[in-house]
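Heads up: the protein sequence lines correspond to chains X and P, in order.
Following our numbering from start to finish, the first sequence increments by one per residue and tops out at 497.
Following our numbering from start to finish, the second sequence increments by one per residue and tops out at 997.
All clues stand as given, with none of them false.
Ranges of calculated distance between the beta carbons of each label pair, as one might list FRET restraints:
hint, chain 1, residue 1, chain 2, residue 2, range
1, P, H787, X, E372, 17 to 27 Å
2, X, A282, P, P799, 39 to 49 Å
3, P, R765, X, E372, 15 to 25 Å
4, X, T344, P, E649, 17 to 27 Å
Keep in mind the hints are simulated off the structure, nothing from the lab.
Every residue, glycine too, gets a C-beta built ideally from N, C-alpha and C.
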Amino acid sequence: MRLNELTAHELRQKIERRDVKIEDAVGAVLDRISEVDGAIRAYVTVAREQALAKARAADERLARGEPTRLLEGVPVAIKDVMCTRGLETTCSSKILKGFIPPYDATVVERLERAGAIIIGKTNMDEFAMGSSTENSGLLPTKNPWDLERVPGGSSGGSAAAIAADEATAALGSDTGGSVRQPASFCGVVGLKPTYGLVSRYGLIAFASSLDQIGPITRDVHDCALVLSVIAGHDPLDSTSVPRPSRDYTKDLVPDVRGMRIGVPKEYFGEGMAPGVRAAVGAALKKLQDMGAILADVSLPHSEYALATYYLVAPAEASSNLARYDGVRYGFRARGCEDSITMMTKTRSEGFGPEVKRRIMLGTYALSAGYYEAYYLKALKVRTLLARDFDRAFEKCDCLVGPTSPTVAFKFGEKTDDPLAMYLSDIYTVTANLAGIPGISIPCGFGEDGMPVGLQILGKHFDEGTVLRVAYAFEQATDFHKKKPEFRSGMSETTGVR
Amino acid sequence: MSRATLQPEVTEAARELEHPEFETVIGLEVHVELSTDSKIFCGCSTRFDAPPNSHTCPVCLGLPGVLPVLNRKAVEYAILTALALNCDIASFSKFDRKNYFYPDLPKNYQISQYDLPLATGGYIDVPVDGDTRRVRVKRVHLEEDAGKSLHEGGTITGSSFSLEDYNRTGVPLLEIVSEPDIRSPQEAYAYLSMLRSILRYLGVSDCKMEEGSLRCDANISVRPKGSSAFGTQTELKNLNSFRAVEKGLAYEAKRQAEVLARGEKVVRETRHWDEARQMTVPLRGKEQAHDYRYFPEPDLVPLEIDESWVDDIRRALPELPGARRERLIREYGLPEYDAALITESRDLADYFEDAVAHYGADAKAVSNWVMGELARLMNATGTDIRDVRVSPEALAAMLKMMDKGVISGKIAKAVFEEMFTTGKPPDQVVAERGLVQITDEGELAKVVDEVIAENQPVADEVRAGKDKAMTFLVGQVMKKTRGRANPQAVNRLLRDRLRP
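Let's have the full structure, built from the sequences with the hints guiding it.
Structural data, given as structure tokens:
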């Protein structure tokens, strides 16, 4: 197995034993990027020289006898929505082209303090708005399982990079499913933590009350490892919750006997692909066989979740994205007579159509005379949705269902129909509205052999239970070990970028 | 400390503008920059006058990805102020975003408080013409300040570019909104003076209108006298000085009264006080059509203030100007007028009380010197009371020298001026300049005889009973003694010789 194909915990162990030099591990990932990223296009920026320099410095540290840290030498890809000091950060938007942050996001700082090596920045739907990464203002990312299909979104670049072995671990951000859905489409593991567990400082905001950063990894062990590093209170984020740090790998117990797993009937409704239904059904059966107790539960307000989400998220986005006006940084339209024209033209030329659509939706929802009917009502429904979960969790330890109603779809299939695209997140948005944690793990293959994700939702700050069930399932199955077919033949058909 | 702060002048012109058949109704919206060391949502300095953009960071520049963290000191100052204004402190309040595009606003929204402000329901007792008017305070809330646009050439129209200075961005602002309880431009002036005085007593703001640390917008309407319904209001902006507040409101009251007198209707609009033309003009309609799309700030948690914190702050409340004024009248027997002027500034009142303590005698004498010579010299030299070089103790020492007859009242003025300029104690000034009063009758008599000898025709006039001539001779003696003679003694000696 090549170094770039290892999991983070495997690689770290080899580094700790001095079996592997960090420079070689980073080099293997960079080579892989050169080899396949011309076809996959997971990255918008590769920090080759920086990463190699840091790798060499890390090797020297270890040679001096310094301790091996939690993510020592692990090559990590960062979704281009998180600020990296000195490294261009664009949110895959033309409007931020050329923006080089003077500071690191808290998660980036924490990763580097734990020894991780930042490899580069991954592609995404512009400002994280989308479910296929087709809304990227810079380039399209392909699904490594089928280059004619989308990787999901908005963290499509990070999920594709993990699936194609172009990084060992990655970070994504999840506002309505943007970590879990691409993880599901690309056959990898993706976790959205409880709102407030991971600092949002340096995460370029889409919808502040929904956004959370989460790991995208090859297996659940890596997910727990990365979460242990990035979670924890940050005084720079007022919404981050003061709780002691925790080693989530301690929760990785391969045993679900006696655990009560709720199956929400609303998550198996219309629009669900038969292949997905079959794979998720088999997974439920597997959990039952492993000793878990399945229980039917209901989340009665689920049908309003998507509508609620598409009021709350655009409303916040319309305000969060107001700062991109060409005055201080990023793209500025030229040849304008006055500042208002300059701001207007900058935004007209700099934003893509989906971003504009959501800014307009949100502006409308917050406007005088509509606020009560839309935004305020959405906040009330949000409370009802959270209450649905509270009730369900009275009876069970976690909830299990599909991550997305379908497998990865083909390019262009949904771009002309925003509503069809929005439906891709129908099972994921609720967790964001309620603030609870959710993970997507590979649970089989559906239509055309594409991966299917199993979603496990937990109580607030009960990532431990979510990870435990995910880990137990993973240990009992082999789905996560399966790699996309393309990797053997890929290098012959695509040139080095 | 300027003359204006000691002496709220009410111009006759302002009074004349009023229409007797109409009543004016005014509410003021005051913005005060809090004098915390750091900004409201980041650690940058709030210092005024630093080089452009030197006090900025990713947070106050609104760079992508940053988040606000509320400054506890700003909340403390806000609570302190709200308590001094007799408000109820909300145990639960929250921040909201006020959305509008402007280049001096880095995020293109301002973090403010909308439907759940920090404090509500207070009042200020304002002394007006020897009476006290109670003006209710509707709400007090916290928000962030914006930056400053500098237009090439000075005006926005016709300039080819603008520059932005974000040093002021994120300086904590307190918005204090009054109920429409103010009934004249003079009352508005008095309310603003009292408010500023309170804020300075609290030490929460330096309240300099010229530096923009105190800003005032006004809502004004007029109605027929005796009516209880409100007329249509206009909002008045660009009131950049206390004087502008008074004059702008007086102009607008008259304008509205004339509109109504003509049988026309007042248009609800925002108007701009044009200082150069001394009139109010409507702002362009476009700027009035703002929909700020307020919604709860998701990056901050609600502000929960527990009772014990409020109690701690309440205990730290200093004696406020109103209470101190009453006490000065009661304890020192000062006239109302003196007490009001001296207590307008906490430092001035401290100075006064300190001087009285050292003097131990007539407080009115101290008050006369503080309001007279001290105020005159401070005003002439633009000196703040905190920088005055005459200590209260030195003033008291000088007054004692007068009482003992060491120096005359006239000499004392010269001595005080030198003390003010050099900071020397009074005995040193008197000794160095030989200003000790001549108390030796023999020495004085010699000078008197000389003056009579040199001015025989005038002496004759005195002998003939002309008092004016007597004054001249006294003056001549004072001149020869360089003012060191006791005028009463000179008078007596002259009288002895010329009108025995």
